[in-house]
Amino acid sequence: MVAEMGEAAPAAMVETEVVPGAEGSHGEALMVLETLASSSLACSVPQFPTKWNSVKDKLRQLCSGLSLLRGNGGHGEEEEDEKGEEYHVLVQFLQSASATVRGILDVASQCSDGTYGGGRLRLRSDMDGLSAKLEAHVRQLKEMASTGAATSPSQAIVAVRPGADAGVAEKRFFLKDLFSRIRIGGPVQRAQALATIAELMSEDEACVRVVALDVDDGVAVLAGFLESRDPRVQEEAAGAVAVVAGSDSYRGMLVKAGVIAPLVQVLENAGGVGAATALARERAAQALRELTENSDNVWAVCAHGGVTTLLHACADAGSGGRLLSSSFAVLRNLSRVEEVKMFMVEQGVVTELVKLSQKMEEVRKLGAVELLHAMALDDADVREEAISMGVIQSLLQLIYPDLPYSYKAREVALAAIWFFCFSSASSIDDLTSSDVLGWLLHYLNNGDYAVLDCTLKILRHLAEASEEYSRMMARAGYFPALAGLLAAKSFRVREMAAQVLSSLLALHGNRVIFIQDGDNLDRLLQLLDPSEGKLMAKGLILSAVTSLAETGAGRKKIVSSEHFGSLKELADSGDPDAKKVVKKIANSSRLQSMFSKIWSA
Numbered sequence: 001m002v003a004e005m006g007e008a009a010p011a012a013m014v015e016t017e018v019v020p021g022a023e024g025s026h027g028e029a030l031m032v033l034e035t036l037a038s039s040s041l042a043c044s045v046p047q048f049p050t051k052w053n054s055v056k057d058k059l060r061q062l063c064s065g066l067s068l069l070r071g072n073g074g075h076g077e078e079e080e081d082e083k084g085e086e087y088h089v090l091v092q093f094l095q096s097a098s099a100t101v102r103g104i105l106d107v108a109s110q111c112s113d114g115t116y117g118g119g120r121l122r123l124r125s126d127m128d129g130l131s132a133k134l135e136a137h138v139r140q141l142k143e144m145a146s147t148g149a150a151t152s153p154s155q156a157i158v159a160v161r162p163g164a165d166a167g168v169a170e171k172r173f174f175l176k177d178l179f180s181r182i183r184i185g186g187p188v189q190r191a192q193a194l195a196t197i198a199e200l201m202s203e204d205e206a207c208v209r210v211v212a213l214d215v216d217d218g219v220a221v222l223a224g225f226l227e228s229r230d231p232r233v234q235e236e237a238a239g240a241v242a243v244v245a246g247s248d249s250y251r252g253m254l255v256k257a258g259v260i261a262p263l264v265q266v267l268e269n270a271g272g273v274g275a276a277t278a279l280a281r282e283r284a285a286q287a288l289r290e291l292t293e294n295s296d297n298v299w300a301v302c303a304h305g306g307v308t309t310l311l312h313a314c315a316d317a318g319s320g321g322r323l324l325s326s327s328f329a330v331l332r333n334l335s336r337v338e339e340v341k342m343f344m345v346e347q348g349v350v351t352e353l354v355k356l357s358q359k360m361e362e363v364r365k366l367g368a369v370e371l372l373h374a375m376a377l378d379d380a381d382v383r384e385e386a387i388s389m390g391v392i393q394s395l396l397q398l399i400y401p402d403l404p405y406s407y408k409a410r411e412v413a414l415a416a417i418w419f420f421c422f423s424s425a426s427s428i429d430d431l432t433s434s435d436v437l438g439w440l441l442h443y444l445n446n447g448d449y450a451v452l453d454c455t456l457k458i459l460r461h462l463a464e465a466s467e468e469y470s471r472m473m474a475r476a477g478y479f480p481a482l483a484g485l486l487a488a489k490s491f492r493v494r495e496m497a498a499q500v501l502s503s504l505l506a507l508h509g510n511r512v513i514f515i516q517d518g519d520n521l522d523r524l525l526q527l528l529d530p531s532e533g534k535l536m537a538k539g540l541i542l543s544a545v546t547s548l549a550e551t552g553a554g555r556k557k558i559v560s561s562e563h564f565g566s567l568k569e570l571a572d573s574g575d576p577d578a579k580k581v582v583k584k585i586a587n588s589s590r591l592q593s594m595f596s597k598i599w600s601a
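Anchor point for the sequence shown: position 341 equals 341 in my numbering, and the numbering is continuous, going up by one each time.
There is no bait here: all hints are sound.
Below, a list of computed lysine-lysine pairs in the PhoX-like style, where the Cα atoms sit at most 20 Å apart:
id	residue 1	residue 2
1	Lys359	Lys408
2	Lys579	Lys556
3	Lys341	Lys355
4	Lys556	Lys583
5	Lys583	Lys568
6	Lys538	Lys568
7	Lys56	Lys256
8	Lys580	Lys568
9	Lys51	Lys256
10	Lys584	Lys556
11	Lys489	Lys538
12	Lys538	Lys580
13	Lys176	Lys142
For the record, the hints were derived by calculation from the structure and aren't laboratory data.
Construct the entire structure; sequences and hints are all you get.
Laid out in structure tokens, this is it:
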């Protein structure tokens, strides 16, 4: 659907299985791993010599650790015949470590002969990710060799989970024990330990600090298990990573550990054999959302195919609400970088988003509208493209009162309507040619504060756009609703309602319609009573009253109103606008006698 920034990862970097049972013995697999590591040491990466020297140091440590493992009986004859759970740890270690070293060898070989095609940004990301994985393998290997876990993993001592009021030291001890389990345990034990780690971190920020700073390679280990072949392990690892990603202090350690690429891969792996679970994908999207806040790590996500992957997640009928919400949020974060937004537009993202906005599902529809609105805010070309593709029809669906959308959806749609529809006269015509005036009147009478605010903003611009729109609003029955809002608790609502009303009453025909209902005028005059305490919109209300006093019928209605005294009292207090209205009425010859009687009273 959409091309990606940067080149695809080298094919050889895809994890390659090293299965002792298939290729021979554990000893043969160890020898293959040692050979791969030795071959990698002979290569060079001239683009990043310091990073490469760090990788070489870890490769040497790996070779040393493999010797220690062999010395502990890691591949004795009796072990080759064992097929039980106790050897699953060693098998999985050999598979993952070999895949990492093969990846290092591939990248180093391509850099040495000049065939690496990913660019410096991608190379740096690949180097950091592979280095973090290698460091985690070295740490696991040392633990296996020192504890004999390769031959007897079931003999671990299990610590007791501390209570909620336990001290940091007790939690630190328990967390370190959990990390020992995920390093040397089987799939079930690993999944349980990862889930517990995530729970502890979500409950106490201090536990996040312990994992990041006190547990050796704690963050890197969590990131590494995103690539686990076991769905439950991957799912729980994604949950733990998402918690760390939510920490401002430690999310940078995740990026350094190379977490972006596996997160994108988890999100992308939606179907087929070995697919990530729905919960794993949801958690991966949440982690990416946290990692891309404030436009951080945007380029890394793009370089690893994030834009296409996120759009696929948004379009996938099987995506749940949380996955959709997070995926759209990540895309919004990406689009904040101008160069990335331009790339997204060039690759047809606007068209895809308009299509998604036409779906009936609220989360999908709302996410697409919010993203389109954000992308078009400072870009007239994006706005015009979205309009030409039919985004206004999608917005009208969201505000149709008979459809079961939330007030939040109505608010977002109304804000977007104001933005998209008032960019040109033709767009406004499209808006008013529908039944939207009736729908907006519905929200004046039934909307919450946020919806009222957006609705009044649209009405104010409609009233100011042309006299014809003002007449349409008057004929549609807006006056009672607007007059009623002049007494609203919110000053902003009162002020905006008064602005709309003042604009509408600038037309003679609208004034005639307004005074036909005596209650409308009574509400206006009542609000001029100082005892009402709502005089903050006094100027606009007086402007409306002044407009009404332009006609004989209006002056007569004003004088005969039971609340005319409020206007008189305001004039007596010296208010210049009120005095002008009273003077205009007093100068009317036909009302002179009536006015004199009332004034003397």
